[in-house]
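Asker: First to last, the protein sequences are chains A and B.
Note that this note's numbering numbers the first sequence so that position 130 is 130, with each residue one more than the last.
Note that this note's numbering numbers the second sequence so that position 93 is 93, with each residue one more than the last.
Simulated from the structure, these hints should not be mistaken for lab results.
There's no promise every hint is true.
Quick list of in silico lysine-lysine cross-link-like pairs, BS3-like style, CA-CA up to 27 Å [said to hold, decoys possible]:
(1) K41/B - K25/A
(2) K2/B - K113/A
(3) K41/B - K78/A
(4) K77/B - K77/A
(5) K240/B - K330/B
(6) K25/A - K237/B
(7) K361/B - K330/B
(8) K77/B - K39/A
(9) K330/B - K126/A
(10) K83/A - K2/B
(11) K2/B - K78/A
(12) K2/B - K7/A
(13) K50/A - K330/B
(14) K77/A - K41/B
(15) K15/B - K153/B
(16) K184/B - K25/A
(17) K15/B - K126/A
(18) K39/A - K330/B
Only some residues are given here: those of chain A computed to face chain B with a beta carbon under 7 Å [stated by the list, open to error]:
(19) L30
(20) G31
(21) D42
(22) D46
(23) H61
(24) S69
(25) K77
(26) L80
(27) T89
(28) V93
(29) V96
(30) N102
Fair warning: this is a prediction, and the values are worked out from it, not measured in the lab.
Glycine is no exception: its CB is placed at the ideal position from the N, C-alpha and C atoms.
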Amino acid sequence: MQPVTLKGRVIVEGTCTAKALVSAKPISFLGGVDPADGKIVDENHDLCGKCIKNKVLCFPHGHGSTVGSYVLYSLAKKGLAPKAIVNQTADPVVVVGAIIANIPMVDQIDIKKIYTGDTLEVDACKGMVRILKHKEA
Amino acid sequence: MKILVRLGDLFNAEKLIPIKSAHVSGVSYKTLGDAPIEFLKALADSGARVHVRTTLNPQSLDHEYLEKRLPNRLCEKQLEILEQYERMGLAESLTCTPYYLQKPERGSHVAWAESSAVVYANSVLGMFTNREGGPSALAAGIIGKTPEYGIHKAEDRQPNVRVNVKAKLRNKIEYGALGIHLGKALGDRIPAVIGLHDPSKERLKQFSAALATTGMTNMFHLKPPKEKTEAINVDDKDVKQTITDLSTAATKKPDLVFIGCPHCSQNEMKQIGRLIGNRKVKPATELWVCTSAHVKKKCDNSVKRIEQSGGHVLTGVCTVVSWTETLGIKTIMTNSAKTAYYAPTLNRAEAILAPLKECLKTALKG
Numbered sequence: 001m002q003p004v005t006l007k008g009r010v011i012v013e014g015t016c017t018a019k020a021l022v023s024a025k026p027i028s029f030l031g032g033v034d035p036a037d038g039k040i041v042d043e044n045h046d047l048c049g050k051c052i053k054n055k056v057l058c059f060p061h062g063h064g065s066t067v068g069s070y071v072l073y074s075l076a077k078k079g080l081a082p083k084a085i086v087n088q089t090a091d092p093v094v095v096v097g098a099i100i101a102n103i104p105m106v107d108q109i110d111i112k113k114i115y116t117g118d119t120l121e122v123d124a125c126k127g128m129v130r131i132l133k134h135k136e137a
Numbered sequence: 001m002k003i004l005v006r007l008g009d010l011f012n013a014e015k016l017i018p019i020k021s022a023h024v025s026g027v028s029y030k031t032l033g034d035a036p037i038e039f040l041k042a043l044a045d046s047g048a049r050v051h052v053r054t055t056l057n058p059q060s061l062d063h064e065y066l067e068k069r070l071p072n073r074l075c076e077k078q079l080e081i082l083e084q085y086e087r088m089g090l091a092e093s094l095t096c097t098p099y100y101l102q103k104p105e106r107g108s109h110v111a112w113a114e115s116s117a118v119v120y121a122n123s124v125l126g127m128f129t130n131r132e133g134g135p136s137a138l139a140a141g142i143i144g145k146t147p148e149y150g151i152h153k154a155e156d157r158q159p160n161v162r163v164n165v166k167a168k169l170r171n172k173i174e175y176g177a178l179g180i181h182l183g184k185a186l187g188d189r190i191p192a193v194i195g196l197h198d199p200s201k202e203r204l205k206q207f208s209a210a211l212a213t214t215g216m217t218n219m220f221h222l223k224p225p226k227e228k229t230e231a232i233n234v235d236d237k238d239v240k241q242t243i244t245d246l247s248t249a250a251t252k253k254p255d256l257v258f259i260g261c262p263h264c265s266q267n268e269m270k271q272i273g274r275l276i277g278n279r280k281v282k283p284a285t286e287l288w289v290c291t292s293a294h295v296k297k298k299c300d301n302s303v304k305r306i307e308q309s310g311g312h313v314l315t316g317v318c319t320v321v322s323w324t325e326t327l328g329i330k331t332i333m334t335n336s337a338k339t340a341y342y343a344p345t346l347n348r349a350e351a352i353l354a355p356l357k358e359c360l361k362t363a364l365k366g
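With the sequences and hints as input, model every part of the structure.
Answerer: Spelled out as structure tokens, the structure:
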């Protein structure tokens, strides 16, 4: 396939290539993600049971507790953080977490165009997300 | 500082503005874990000190009751966190309701992190604060400033969706349920909530806490929007369904009945004392009432009533950020929709969401 390029806004600079993990629902890192293993634990979440480690985590925006910034930091220190975060709308709580955990982050991306399992190249220095390969392909 | 400049750049802030106070989240060892302690230590070691009054969210235990029941290791780690904040000059306030400690100044700009307090401050108290992450509120306290973006600017405080509440809300749990329901529907939009029945400050406190739990909305209005906007309707069915969904427990017999999320006001303490009267807590149940040390001091009679009943008035802590599972608590009954929402994940407990009177009736004999 021809790579599709989505253009967004730079939040935290950095680059990576990794598989996408996409959610249609907002995420609260406190209570939503287990800091011990990086798995989504909220039973009402569409990614419940999935591990965010080394993924490009794509979700609309954050919600809930403002301690979420520190949860992202803890995940990064344990090597359980996502490789990058791609949002529709940046939530200050997630932004601050990505800054202190140094996780590349881009927002203003139409995440509906991305599917779980797609191979993504994130260039958060330019605010770009390239879909290199769809999962089915 | 890097955090604040980055936030300001992202959200097109033209400048940093002075703040009257900061309020920091990320205090409980239970929610924070180990890695952030090193982050706080490094900050304190570098000589960082707050330059405006900066208050703290609740911790994971209190000294009179829970500290004696919890493993030493947890208590020591908790103390280590408090020490770092003390080194940086934060006031040992330990409450999610900083607005009860000092009379809030209408129109003042602050940098608060506790999400329930953010919504309440903007919407009910007429203050100006973004929903800060724990570290950015701390950074704002250190430099005494915050980037001027979002809710600090009048043009970004206008309602952009109208919510018609067709349900007649009768108590705090229904206000809480409305918040949980709307938080999911609104995302980051600012609603004008029309049709609320008797919106007392304490009912709006429950609404604020719940709205912030499921959404990233940091403000609501109660007056109709001047311009025509999209409208959302909420009816009785939505509110009842939300209460049913939040009540995950199959049993009606909780191990713990918990009141005080967000922390109780003086008025709420008095009401609880009055409702308890001379009754006693059942042997198989615990009753916790959580508030700040500041409010507890002003409620001698109510505190006496609660304690004589066999209940516990715990200060500086709450169920959500405490180690209830370590104490063997499996079912929590509460009048707080926020607590009921977090109980299954943060407390590994089932929840029963019920009005205050029913909570107390369940906890007490007679």
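Asker: Please go over all the hints and tell whether each is borne out by the structure.
Answerer: Going down the list of hints, with the structure as the test:
With a C-alpha separation of about 35 Å, the suggested pairing of K41/B with K25/A is violated against the 27 Å cut-off. The hinted pair formed by K2/B and K113/A fails the criterion: a straight-line CA distance of about 33 Å is larger than 27 Å. Our distance criterion of 27 Å between C-alpha atoms is met by K41/B and K78/A, whose separation comes to about 18 Å. Pair hint K77/B plus K77/A holds up; C-alpha atoms about 18 Å apart against a cutoff of 27 Å.
Distance restraint check for K240/B and K330/B: the Cα-Cα separation of roughly 24 Å lies within the 27 Å cut-off, and the hinted pair is therefore satisfied. With a C-alpha separation of about 23 Å, the suggested pairing of K25/A with K237/B holds against the 27 Å cut-off. Proximity of K361/B to K330/B is assessed by CA-CA distance (about 19 Å); at most 27 Å being required, the pair is judged to hold. This hinted pair checks out: K77/B and K39/A have alpha carbons roughly 25 Å apart, not beyond 27 Å.
Under the criterion of a C-alpha separation no larger than 27 Å, the hint pairing K330/B with K126/A is inconsistent with the structure, at around 49 Å. Distance hint between K83/A and K2/B is fulfilled; the C-alpha atoms sit about 21 Å from each other, no more than 27 Å. Of the supplied pair hints, the one linking K2/B and K78/A holds, its CA atoms being roughly 23 Å apart against a limit of 27 Å. With a C-alpha separation of about 25 Å, the suggested pair K2/B and K7/A falls inside the 27 Å cut-off, and the hint holds.
At most 27 Å may separate the alpha-carbon atoms for a hinted pair to count; K50/A and K330/B meet this at roughly 25 Å. Straight-line distance between C-alpha atoms of K77/A and K41/B comes to about 15 Å, which keeps the hinted pair within the 27 Å bound. Straight-line distance between C-alpha atoms of K15/B and K153/B comes to about 12 Å, which keeps the hinted pair within the 27 Å bound. Restraint check for K184/B and K25/A: the C-alpha separation of about 9 Å stays at or below 27 Å, so the hint holds.
Among the hinted pairs, K15/B with K126/A is consistent with the structure: their alpha-carbon atoms are about 24 Å apart, no more than 27 Å. Taking the CA atoms of K39/A and K330/B, the gap is near 22 Å; set against the 27 Å cutoff, the hint holds. With a cut of 7 Å, the hint placing L30/A at the interface with chain B holds, because the nearest CB-to-CB distance is about 6 Å. A distance limit of 7 Å between C-beta atoms decides the matter here; for G31/A the minimum to chain B is near 4 Å, and the interface restraint holds.
For the restraint placing D42/A at the interface with chain B, the shortest Cβ-Cβ distance is roughly 6 Å, inside the 7 Å limit, so the hint holds. Evaluation of the D46/A hint against chain B yields a violated restraint, the C-beta minimum of about 13 Å exceeding 7 Å. Evaluation of the H61/A hint against chain B yields a held restraint, the C-beta minimum of about 6 Å falling below 7 Å. Look at S69/A: its Cβ gets to within about 3 Å of chain B, closer than 7 Å, so that hint holds up.
About 4 Å separates the beta-carbon of K77/A from the nearest beta-carbon of chain B, less than 7 Å, and the hint is met. For L80/A, the interface hint is violated, since its Cβ never comes within 7 Å of a Cβ in chain B; the closest pair sits about 11 Å apart. Against a cut-off of 7 Å between C-beta atoms, the interface hint on T89/A holds, since the closest Cβ of chain B lies about 6 Å away. With a least beta-carbon distance of about 4 Å to chain B, the hint placing V93/A at the interface is held under the 7 Å criterion.
Interface restraint check for V96/A: the shortest CB-CB distance to chain B comes to about 3 Å, inside 7 Å, so the restraint holds. For the restraint placing N102/A at the interface with chain B, the shortest Cβ-Cβ distance is roughly 11 Å, beyond the 7 Å limit, so the hint is violated.
Violated hints for the displayed structure, listed by number in ascending order: 1, 2, 9, 22, 26, 30.
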